[in-house]
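J.: For reference, the chains in residue letters:
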Amino acid sequence: MKKIFTKFSVLTFLCLLFLLDVAYAQNVTVKGEVRDDQGLPIPAASVVVKGTTNGVQTDANGAYFISAPSNATLVFSYIGFNTQEVAISNRTRINVTLTTATNDLQQVVVVGYGTQRKIDVTGSVGTVKGTDISKQASPNAVSSLQGKVAGVNITNSGTPGASPQISIRGTGTIYGNLGVLYVVDGVWFDDISFLNPADIESMSILKDASSQSIYGIRAANGVVLVTTNKGKNGSPTISYNGSVGYRAVTNQVEMANATEYATIINELSASNGATPLFANPASFGTGTNWYNQAFRNAFQTNHQISVNGGSEKSSYNFSLGYTNEDGIVKTQGYKRYTARLANDFQVAKFLKLGYNVSGTSINTNDINGGIFRQLYAAGPVVPVYYADGTYGDANDFSLGGGNNFNPQVTLDFFNQKSKNYRLNGNVFAELTFAKNFTFKTSLGGDFGQNEMRGYTPVYKATQGQQNNVSKLAVNRSEDRNWIIENTLTYKNTFGDHNLTVLAGQTAQRRKNYFINSTALNVPYSSDGDLYLSLGSAADRSVIDGGNLTTYVSYFGRVNYAFKDRYLLNATLRADAASQFFNGGDLWGYFPSVGAGWVVTNEEFMKNQNVFNNLKIKASWGKVGNAGVPVNPTTLTVDQRAGYVVVLGGVVYTGANVNSLVPSFLNWERTAGTDIGFEASFLNNRLSVEAGYYNKKTEQAIFNIPILSSVGTVGSEMLGNQADFRNRGFEFLATWTDKTESGFKYSVSGNIGINNNKVLSVITGSNPIYSGGQGIANGALATRTVQGGAIGQFFGYKVDGIFQTAAEVAASAQKSAKPGDFRYVDQDGNGIIDGKDRVVLGNPNPKYSFGLNTTFEYKNFDLALDIQGVAGVDVYNANIAYRFGNENFSKDFYDNRWHGPGTSTTYPSANVGSTANSAPNSFYVEDGSYIRLRTVQLGYTLPSTLTSKWMTKKVRFFLDAQNAINIFGYKGFTPEIGYVGSPTSRGIDASVYPLSAAYRLGLQVTF
Amino acid sequence: MKTNYKKSYIQKIGLLALGSSLLITACQKSFLDVPPQAKQPAVTFWKTQDDATKAVNSIYGNIRNWANTAFPALAVESIGGDDAEKGSSPNDASYLNAFDNYTVTSTEGQLQGFWEGQYQNINLCNQVLDNVPGINMDANLKARYLAEAKFIRAYSYFRLVRAFGDVPLRLNVPKDPSEFNIPRTPKAQVWAAIEKDLDDAAAVLPQTYPAADRGRATKGAALALHAKVAMYLGKWDQVLSFTNTVMTMGYDLFPSYEAGFRLANENSVESVFEIQCDLILNNKDASNSQYSQVQGVRGTVAGWGFNVPTATLAAAYEAGDVRRDATIIFRGETTPQGDAIPATGDNPMYNQKSYVPFSLIVTGYTEGSQQNVRVLRFADVLLMNAEAANELNNPTLAKSSLNRVRARARGGVAGVLPDVTTSDKDALRQAIWKERQVELAMESDRYFDVIRQGRGTAVFGPKGWAAGKNEVWPIPSVEIDKSAGTLTQNPGY
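Protein sequence lines correspond, in order, to chains R and H.
Residue numbers for the first sequence follow the numbering used here, beginning at 98 and rising by one.
Residue numbers for the second sequence follow the numbering used here, beginning at 163 and rising by one.
Please note that the accuracy of each hint is not assured.
[Unchecked claim] When the alpha-carbon atoms are kept at most 25 Å apart in a straight line, the in silico BS3-like pairs for lysine-lysine are as follows:
id, chain 1, residue 1, chain 2, residue 2
1, H, Lys631, R, Lys914
2, H, Lys631, R, Lys911
3, R, Lys532, R, Lys147
4, R, Lys147, R, Lys329
Bear in mind the hints are in silico, worked out from the structure with no lab data behind them.
Whenever a hint applies, use it, and build me the whole structure from the sequences.
T.: Dropping the structure here:
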């Protein structure tokens, strides 16, 4: 106690000395204006007396006045500009021109619970500006990150408005909450599809463990900090931003036409020893192209209006947004309305209060999830409609169970609409006291309601598509989440020392509740009249459920810099999670430390002129993952409908215990080490960042298969089962320059190289098989095993096609037929069995890269972004996923084996047989792609013209997203994520097709 | 003054922060102790009679699921026989052909499904047998519940041992992960466990239930299943004694062979044990038996058309045998319930024993999910009685039981299906086996029955059946993989 007191006294003494020092000089009032290099005023720029917290902000005209000692130095700074220090030297008027920060190191970076000068950052943080995000033709902000930050891998889904899958530095978690943590203005989210990208000021991607660990509890898969637009000092600025355009399928897969289809199906029947289904294939002509029938050029439009302004006492930002995007499949639609208000008040010099509040309403018209499979499988011999206007019926063509449907019927009779309402935000109070202390308390909330209403009318369209009891399903779910955070920050500069200490405490509660209900025989007059109460009373059903998790956490951080040369950052977070309250280690502790050396600030570097900046940095940290179900160690009772039994006409409930739980569960932890450097050369025109990371997930939590003889449902049990490692390099180089003729340009390339490896699995050398979803017969196409990557494709290696019966007889596959795959007998024992399976590919991308460029000349501007991945494989599960007479792709038709000598690579039409459809190398293809992600051409009207219209800026733009895609994969898109778990990554089981968007837009600022 | 104002502010906010921190710290424990949501913790289960009832109900609910009654069960227990083949469209689920021509390999998914399905039944039974004894409840009811669980456990092990030979034997819920990976138990021990369970069950189970419990396992069911087990083991004296007992318990043949398989006559006087299935409106998940759907006439509202009768079966009936038309739906016929079967289609014949008239099918639900699966019928008991009597040199009893079955098959027409009169042991045995073929056709009896009779090569050899290998199916390779070699493969696979 005494010791602490002594330390405190020393600190106080130092502070007093400092105050005294300042007090010796006489105060003067300095006025002036801050402008950018084009002469435009910079509002809300920060003007601080160096070495103190005495500071002001510029007003809307860039003007400021400040009282300061006449011998002091003023520090002018603003995000995106180089900070400038100017000695007052007894002047009273100082005008400053800030130059655009081509050197990132001068920038301020948003980090966990605060901001840091980029120069002080010792971890790895990627930043994307709001202007770059809103430039993208995606209603989802996360989509816009694709190709922007090294090591961040985005997999888009194609569904309008849907969130993409995102992984930062590889796959580190394979169970539970796999996504990154989004922190929007201090409130935690798992998904930010409710956000209007135009409302975002910046996004910071915390990539390394040392910068993540302050969010210990949920940071294992990375953290994305989102800062939304805030009010800026000055008279109101009104901005309008709008676009119209359309989206169309690209790289559409061509299917066999009707004649080809009939031909190949006859071959299939023959190979199964049956009579041909079609007497005269040629009579069908080209038939129906089901893709063309279902796809369309989908309209999209987007409008956003915002008002921004403020004074010294308060500032505000208000925005309204509207997005309307149709899906590329007919009937699918997405509409989003957003409203956001940010307001803060300087109540007193030492007290600031504020709030951000955002409301979102999303309405969607949904499509049947099976439609893509149907479009692939549907028989082209079946017409959409018969001449009499009735639906073409696959049953009339005896196509059988595999494709006994007409996709148009599915589109016409699937009536499902979803509504999503969200209200979220936070209120905060910030108190500055005793000069160097800031106490901030923030209460955030997120309230959401999802409503899905599906109606199946009575209809008879085809033999296989009919319904004789109408059904209404209404599902609702709601989220009620809150988070309270208290932080105390001490910030001081004394002499050559720069010290910031942060201590904080937080608690949060996340609750989800859902209720699903159905009723039969609900009459239909209009969508608005659909009520469960109108259905038959005898057989309504209702089911509900939910999830509740709570967290309590404490955290602290110290940032110390000496002479801006030697940097030290250290954090510690302690988290308690309800998941681990019973049968787990309740508290997880997540430390981190980072160090940096700004070489260019050394005396001995003063005279060199190679580097404008050179920083070497290294860090280490630990983060956790609590993304597991509540109390996973609590055994529960299953009262499923499948256990209901009817005895003598009486319906009885059944319930039993059919699972196993681990007796104890640890936190899943990830420890990461980073080393890297940042450098800039040639007058800051070239900047380079490079880094190496080694990230190890320890005691990963997931289900591991257990013997079926234990008798549990799913035959698996949760536990701390494996260690994974992701390590790799990241490299970023940016060249920015401006010619004398006024041509400004920037070219920035980034690449991330990641290697994923399973270090150990609890089953030892015994692998975990997965990836059965969407694969023929549910065969498991991936394997996760010690020494390999997570979820590698695994199966037989094809070394040809059996041409003749004699060839079959001489092989290890005695039951094969000519036209079947010939597999490599790896162990050479004359039998093809499970032991002959080998690794066929890796679905985890090794390389992900982006090239982002901007060009400006006079009133024209052009942005061109290229992005891609390489060193990745995908599995085409569509080919062999067959139950009968499903269609084939044109590629398969053209190349198939149909008699000796016709093909040595493609099998016969009987590709769906058990032996042929077993996971094998034929289905594994290179998943690399490169694409023109965005190209945008803009033209800004001359200010001489616009000023007459009372406008500050008028800009038109034309842009295209995904206009050019280059890949070798034979499916719709190699951009394939995972369903369920990353152990099943890269399997194309009827993925949403790739589409390109084209827009014409207008931006006006008043 | 200003400072005071400032100070009080700081104090207030400081106190608030301190207060909230303390509050959270104080409530931390209760704040973090979150119960499972919408799920009952198992520690609160197994407390009341109601819990025991629900747990036993779950066993009956589970045995109608996909693995127990649809593809996995039909693949493993039916398609191998000469009465049934894959059916459906030739290109649909062609992997099922491997069960018809015995080219099945250990990776075939139906093997895994069947294996897993049976062990899931066994786990539900073991849960009851481990936990219900500790419940304070009506002692008679408790004893009955335990006996019901033992019956289903025995039934599930019977299906496993018949299909795979040696299988891991679990008679308790594993308590510790070290008990998960156990080797295959020699089949003699598995059979012994089945016999013990059935003895225990028969000693306790009642012969009849009140209407609202109809369908639960009875004493007759336990004895009849035990007789069948004994028949597979060649314990003919036991077969005879158990069947003799069952024959005194009030069972009889249902007058109409065809009508006995219709919904209205479920749990009839002939029924010894049926898997209870139903259609509950607006409860699709509880209306989940796909037994009728997968076998329903393809190209109609009824289903998918798998597991269809063979020409061999159609030819096996004697002239005038009503069972032929009652077992086989022929393409182009009109069923007794008035459904016109399309004259064209993939298959000339479909299984009529799983048939649900089209008017009773509700779209949006599993087609024919109401249809009970006839597991043990009194006709089977009579034929087992006949076979045992013949083996024990009592041809009079053998013929009496056998001819009782044949009598019904005449459908009231004199002069067809004459009584079997021979007393020659071998000829009588052949007659009984033949009768089993036609009487129990398409009821998943034939395949293992022929193997039991030691005639696998003779009957199935032409289809590719090989002695020394095909008596049992391969152990699913997934299980061998998961066991890291603790489980071994059957010879020849």
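J.: The structure should be examined with respect to each hint, and the outcome stated for every one.
T.: Going through the hints against the structure:
1. H:Lys631 to R:Lys914: holds, 23 Å
2. H:Lys631 to R:Lys911: holds, 17 Å
3. R:Lys532 to R:Lys147: holds, 14 Å
4. R:Lys147 to R:Lys329: holds, 23 Å
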